[in-house]
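Engineer: First to last, the protein sequences are chains A and B.
Going by the numbering used here, the first residue of the first sequence is number 36, and it counts up by one from there.
Going by the numbering used here, the first residue of the second sequence is number 502, and it counts up by one from there.
The set of hints was computed from the structure by calculation and includes no laboratory data.
Don't take each hint at face value.
[To be verified] Computed spacing ranges between beta-carbons, pair by pair: (1) B:E668 <-> A:E103: 24 to 34 Å; (2) A:L76 <-> B:A667: 14 to 24 Å; (3) A:L83 <-> B:K663: 55 to 65 Å; (4) A:R58 <-> B:K757: 20 to 30 Å; (5) B:K757 <-> A:E82: 34 to 44 Å; (6) A:E103 <-> B:Q700: 18 to 28 Å.
As the structure is a prediction and not an experimental result, all values here were calculated from the model.
Backbone N, C-alpha and C define an ideal beta-carbon position, used for all residues, glycine too.
One-letter residues, chain by chain:
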Amino acid sequence: MMMSIMERLFRKRNDTASVAKERLQIVLAHERAGRTAPDFLPLLQKELLSVVAKYLEVEDEMIKITLEKAGEVSVLEINVELDKARIKKSLPIAEKPVDTKKAAVGIL
Amino acid sequence: MSKVITITSGKGGVGKTTTSAAFATGLAQRGNKTVVIDFDVGLRNLDLIMGVERRVVFDFINVINGDANLNQALIKDKRVDNLYIFPTSQTRDKDALSKEGVARVINELRDNFDYIICDSPAGIEHGALTALYHADAAIIVTNPEVSSVRDSDRILGMLASKSRRAEENEAPVDEYLLLTRYSPERVERGEMLSIEDVQEILSVPLIGVIPESEAVLKASNTGMPVILDTESTAGIAYGDAVARFLGEQREMRFLKAQKKSLLRTLFGKA
Chain A
36 MMMSIMERLF RKRNDTASVA KERLQIVLAH ERAGRTAPDF LPLLQKELLS VVAKYLEVED
96 EMIKITLEKA GEVSVLEINV ELDKARIKKS LPIAEKPVDT KKAAVGIL
Chain B
502 MSKVITITSG KGGVGKTTTS AAFATGLAQR GNKTVVIDFD VGLRNLDLIM GVERRVVFDF
562 INVINGDANL NQALIKDKRV DNLYIFPTSQ TRDKDALSKE GVARVINELR DNFDYIICDS
622 PAGIEHGALT ALYHADAAII VTNPEVSSVR DSDRILGMLA SKSRRAEENE APVDEYLLLT
682 RYSPERVERG EMLSIEDVQE ILSVPLIGVI PESEAVLKAS NTGMPVILDT ESTAGIAYGD
742 AVARFLGEQR EMRFLKAQKK SLLRTLFGKA
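Full structure from sequences and hints, please.
Structural biologist: Take a look at the structure:
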């Protein structure tokens, strides 16, 4: 008897529903963004990576591209993580026209 | 004006067929000529839920292929006037639903019925996309549970991009949320997402809340749409949802946990 009253008074509410809600909000925000993203984004990401890769040794996951809408304004955000990147020993010559096809193939 | 209503969810087992049967029956009871179509080719179950499994002769695929006409395939319900069941094939695969064939059949049904209820298969593949393609309205059946809510969101995305209305730049599909298997007791204990939680996440207008009810299984056992069980909370809640769909104002019911007496609460006798 006593136990029941004590339990009711002191038990912390076992609120798993709020955890569920929070997890859903996070995962859906991510999935919705992916759904509305224009088709060119993956290609843009690859090409940008190929340019960056001429100067730095980078991995696929070190470059992140997001397109976000805040009201009327769309923002294209490009993040390249440089901390782990190493500068390439043989830098390309700037004057030389860039062969992007070759660079892209190199990355792929 | 004829209206196509797709009952969909993404996730399986949340109550699409139960809802299709209930909605079609409810609309017919209110004097609307209604047909309910099973789009779950290969896994047909609407016939069982509607209790007409022994009357199936021709099906959706036969009509699409021109082996039978609509009148031969439609099964008239014996309990409710104006209600027809259009079963699908049990043996064929889902790719048997050709886009042109389905469009032709839907258009023929539009000439003859007020409401065409499409019972979608689970998933987001050909069958489900075919079922939602012609929708004028969609009822998203959702359980208050993470995987169901996520899949519903996915289906909402499909309705906005892959429906005929989206493709042809018409007014978007009218979307309604139907929460099923809702348990107010568990919501009060913080164990289940509340109506407000699910609505906040999906932001789709709520057409009804069907409480968890033993009547649903009992109704399916006997092949009777649960809406005809007017003693049950689920049956009444489906009746309310149909009324709201037709524009009536009705309060949501069965949202409060059954109150226990103070003494029982204090002394822990459940």
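Engineer: Now tell me, hint by hint, if it's right for this structure.
Structural biologist: Comparing the hints with the structure gives:
1. Separation of E668 of chain B from E103 of chain A is about 27 Å and conforms to the stated range, judged on CB atoms against 24 to 34 Å.
2. A C-beta distance of roughly 21 Å is found between L76 of chain A and A667 of chain B, which places it inside the suggested range of 14 to 24 Å.
3. Evaluation of the 55 to 65 Å hint for L83 of chain A and K663 of chain B yields a failure: the beta carbon distance comes to about 30 Å.
4. Here the CB-CB span from R58 of chain A to K757 of chain B is close to 27 Å, well matched to the stated 20 to 30 Å.
5. Checked against the given bound of 34 to 44 Å, the beta carbons of K757 of chain B and E82 of chain A, roughly 58 Å apart, lie outside it.
6. A hinted range of 18 to 28 Å holds for the C-beta pair E103 of chain A and Q700 of chain B, which are about 25 Å apart.
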